[in-house]
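*Asks:* Take a look at the letters that make up each chain.
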Amino acid sequence: MAAHHSLLALQDALDGRLDAADRTALDAHLATCEACRRQSQALRWTRLRLAGASAGVDVPPTLDGELRRLLETASAPPVITPPPPPQPATKSWWSRLRG
Amino acid sequence: MVDPSSPFATDVDAAFDALRPVAPALYRTARRMTRRADDAAAVVRDAVISSRTWLLARPPAAELNGRLHGALWLALERYWQREGRGERESGPEGPDDLLAQALDGDETDFERLLMSRLDASPELDIALRHLGERERFLVLLVDVENLTYEEAAVALHTDLEVVQGLLLTARARVFHALADFARRTSGVHPRA
Chain A
55 MAAHHSLLAL QDALDGRLDA ADRTALDAHL ATCEACRRQS QALRWTRLRL AGASAGVDVP
115 PTLDGELRRL LETASAPPVI TPPPPPQPAT KSWWSRLRG
Chain B
23 MVDPSSPFAT DVDAAFDALR PVAPALYRTA RRMTRRADDA AAVVRDAVIS SRTWLLARPP
83 AAELNGRLHG ALWLALERYW QREGRGERES GPEGPDDLLA QALDGDETDF ERLLMSRLDA
143 SPELDIALRH LGERERFLVL LVDVENLTYE EAAVALHTDL EVVQGLLLTA RARVFHALAD
203 FARRTSGVHP RA
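Protein chains in written order, with our numbering: chain A, 55 to 153; chain B, 23 to 214.
It should be emphasised that the hints constitute simulated quantities derived from the structure, not laboratory data.
Ideal Cβ placement from N, Cα and C applies to all residues, glycine included.
Just so you know, not all the hints are guaranteed correct.
Said to hold, decoys possible - Output of the computed footprint for chain B on chain A, the stretches with three or more beta carbons under 8 Å from beta carbons of chain B:
1) 65-78
2) 94-100
3) 103-109
4) 113-124
With these hints in hand, go ahead and build the complete structure from the sequences.
*Replies:* In structure tokens form, the structure reads like this:
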């Protein structure tokens, strides 16, 4: 029997990242190797389960509006705040003590 | 929706049109990486704020998924810092050991395991909690939100080989956790 394929090779096949020749060789091996076939099925099963996970989280309906406001805030012209009027000089307590 | 190529489209319109299709994926990922819905929304806002200038410059569509999820990852790191904790790593077992443990048993039990109904989200959420943050983020990006390996590599600021290895370990760990749960709830006992 041909040598077992690495888990990385099984994952590459699962994710469509093997070239045609490697894919053909792997498929031929999986047809005869129970251990590799079980590992491949385990990875495939896991990916299928994970693919359904997006349905488990509700996106808040306010998200679009919030993100739009963030973008609008960034593009708004800067608000120039005038500097505060100069304050009258105040004497320090030491100066007041000296008179 | 404003046609981004129109000369009348503002930069904000174009940026929002680019962000809008990705926003739900950003939120779903953030929700599974944080403790509360408010935290997830705050992390997504943080990611968008840090990406504003880039978005307003009308970036290529091919870069959106990777760069925005990359901003999300950095926002998550800041969130964990504020929470007073560092990035958590997974256990030391490699994917070969994890799958070997989970698959230990005869063919019949394995087939029953594959047929077991584990569609409920809570079990999956529990399994995801067995992962360290980096593994969880990666599996959410690739397996839940369908980002490519290349986009995930950009998002995690790493290279393809790291993505391949981390993803394999993450998937093996999820399988191990789900298989364990299935055995306990369906009476499958693959261990001799």
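*Asks:* Sort out which numbered hints this structure fails and list those numbers smallest first.
*Replies:* none
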